[in-house]
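Asker: Sequence:
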Amino acid sequence: MPHNIVTEEQLPHYRKAGKIAADALKHGASLIKVGAKVVDILDAVEDKIHELGGEIAFPAQISINEIAAHFCPEDGDEITIEDGMLAKLDCGAHIEGCVGDNAITVDVGGKHADLVRASREARDAAIKIVKPGITPHEIGEKVHEVITKYGFEPVRNLSGHGVGPYLIHTAPSIPNYPNNDHTPLPKNSVIAIEPFATTGKGMIYNASNPTLFAQVTKGRPRSQMARDVLKEVEKFNGLPFTTRWLTRKLGAGKAKFGIRELLKIGVLHEYPPLPEKAGGLVSQSEHTVLVKDPVEILTVLPED
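Numbering of the sequence shown is given in my numbering, commencing with residue 893 and proceeding in unit increments.
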């Protein structure tokens, strides 16, 4: 898949989406406090994106402790923020399909400062070397260097990624270690640099009970319930969605039945939670950037 090159017409959309995503992330991070319900925080983040004039690029997520990514609670989930948790908030906005994607780790209780610092400094160090012609290998080398300096491991089977029109993840893959990909990044491509640092072995696996999905092909489901679900899913234009968005609109029974049928016939792809294999704590930090010289960070607020 070729790299996405931003046009002059798209660039204002990427900049606006990036600022909205950054504002929503900052707002959500301020709500991550002991006793707060995770689902309430995520609803507030998504509401903020709409309030600022954006569309939701993917469901906001808070992945806790050893879960690296893709945790989206169902409606009515009672999980709350507790002291000592490592809460990774990941959210994105889009304007006409142009995406801003960013993430932050909140150290609830202040017990994991170095782990949080490792992924954040790895992100910032990697961004500093971005320019046209830089390679994924070089970016991964810098991320690996910073994270291991702190005594942690980068998560090797999670990566940053290219961003394209109505595409959260596209070419190239931006690794968290030197991976021997020496393909130069072209000018005006958009990438998300997304280091994950862990106290574990540096590998994640697919858990069960996914609540995050995306449409990957068209289909003709047999049941009326699945057809009703598909009608809603098609409104997302291939971008990810989460179960509670549909259960709130269609009811839990219809939504879950329809999702199961659409998965079975290959219309949907599931994105399950991703725990670290050794149970290690995981931190995450992410910015979306425009590859130019000097690099432009799209998901940054003017006061930052």
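It is possible that some hints are incorrect.
As the list claims (entries may be wrong) - List of simulated lysine to any residue pairs, SDA-like, C-alpha gap at most 20 Å:
1) K1127 x S1065
2) K1041 x R1009
3) K1079 x I1019
4) K1079 x N957
5) K925 x G1001
6) K1169 x T1075
7) K908 x G945
8) K1123 x N1101
9) K1127 x N1101
10) K1141 x D935
11) K1003 x K1020
12) K1146 x P894
13) K1148 x I1019
14) K925 x D969
15) K1148 x V931
16) K908 x D969
17) K1093 x K929
18) K925 x K911
19) K1020 x R907
20) K911 x D967
21) K1146 x K1184
22) K1127 x L1142
23) K1020 x T1075
24) K1093 x K1146
25) K911 x L944
26) K929 x H905
27) K1123 x K1169
28) K1184 x H905
29) K1020 x E1037
30) K1020 x K1093
31) K1093 x A1144
32) K1041 x G1001
To be verified - DEER-style ranges, computed between Cβ atoms:
33) L1193 x S1115: 21 to 31 Å
34) I1021 x K1110: 37 to 47 Å
35) N1098 x H1074: 46 to 56 Å
36) I971 x K1141: 18 to 28 Å
37) T1109 x E966: 42 to 52 Å
38) V926 x Y1042: 24 to 34 Å
39) P894 x L944: 38 to 48 Å
40) Y1058 x D932: 43 to 53 Å
What the hints contain is simulated information worked out from the structure, not anything from laboratory work.
We treat Cβ as the ideally placed atom computed from N, Cα and C, and that holds for glycine.
Asker: Holds or violated: are the alpha carbons of K929 and H905 at most 20 Å from each other?
Answerer: Violated, at roughly 32 Å.
Asker: When you check the alpha-carbon spacing of K908 and D969, does it fall within 20 Å?
Answerer: Not satisfied, since the Cα-Cα distance of roughly 32 Å exceeds 20 Å.
Asker: Given the hinted pair K1079 and N957, is their alpha-carbon gap at most 20 Å?
Answerer: 37 Å, violated
Asker: Check the hint pairing K1079 with I1019 against an upper bound of 20 Å on the C-alpha distance.
Answerer: 14 Å, holds
Asker: Can you confirm whether the C-alpha distance between K925 and G1001 stays at or below 20 Å?
Answerer: Distance ~9 Å between K925 and G1001 Cα, so the pair holds.
Asker: Run the distance test for K1020 versus E1037: straight-line Cα separation, threshold 20 Å.
Answerer: The given pair, whose Cα atoms are some 14 Å apart, holds under the 20 Å limit.
Asker: Is it true that the CA of K1141 sits at most 20 Å from the CA of D935?
Answerer: With a Cα-Cα distance of about 15 Å, the restraint between K1141 and D935 holds, given a limit of 20 Å.
Asker: So the hint says 43 to 53 Å: do the beta-carbon atoms of Y1058 and D932 match that?
Answerer: At roughly 28 Å between Cβ atoms, D932 and Y1058 fall outside 43 to 53 Å, so the hint is violated.
Asker: Please verify whether K925 and D969 have alpha carbons no more than 20 Å apart.
Answerer: With Cα atoms ~17 Å apart, K925 and D969 stay inside 20 Å; holds.
Asker: Holds or violated: K1148 and I1019, Cα atoms, limit 20 Å.
Answerer: 41 Å, violated
Asker: Kindly confirm whether 38 to 48 Å is satisfied by the beta carbon distance between P894 and L944.
Answerer: 31 Å, violated
Asker: Run the distance test for K1123 versus K1169: straight-line Cα separation, threshold 20 Å.
Answerer: 37 Å, violated
Of the numbered hints stated above, those contradicted by the structure are hints 1, 4, 6, 8, 9, 11, 12, 13, 16, 17, 18, 20, 21, 24, 26, 27, 30, 31, 32, 33, 35, 37, 39, 40, listed in ascending order.
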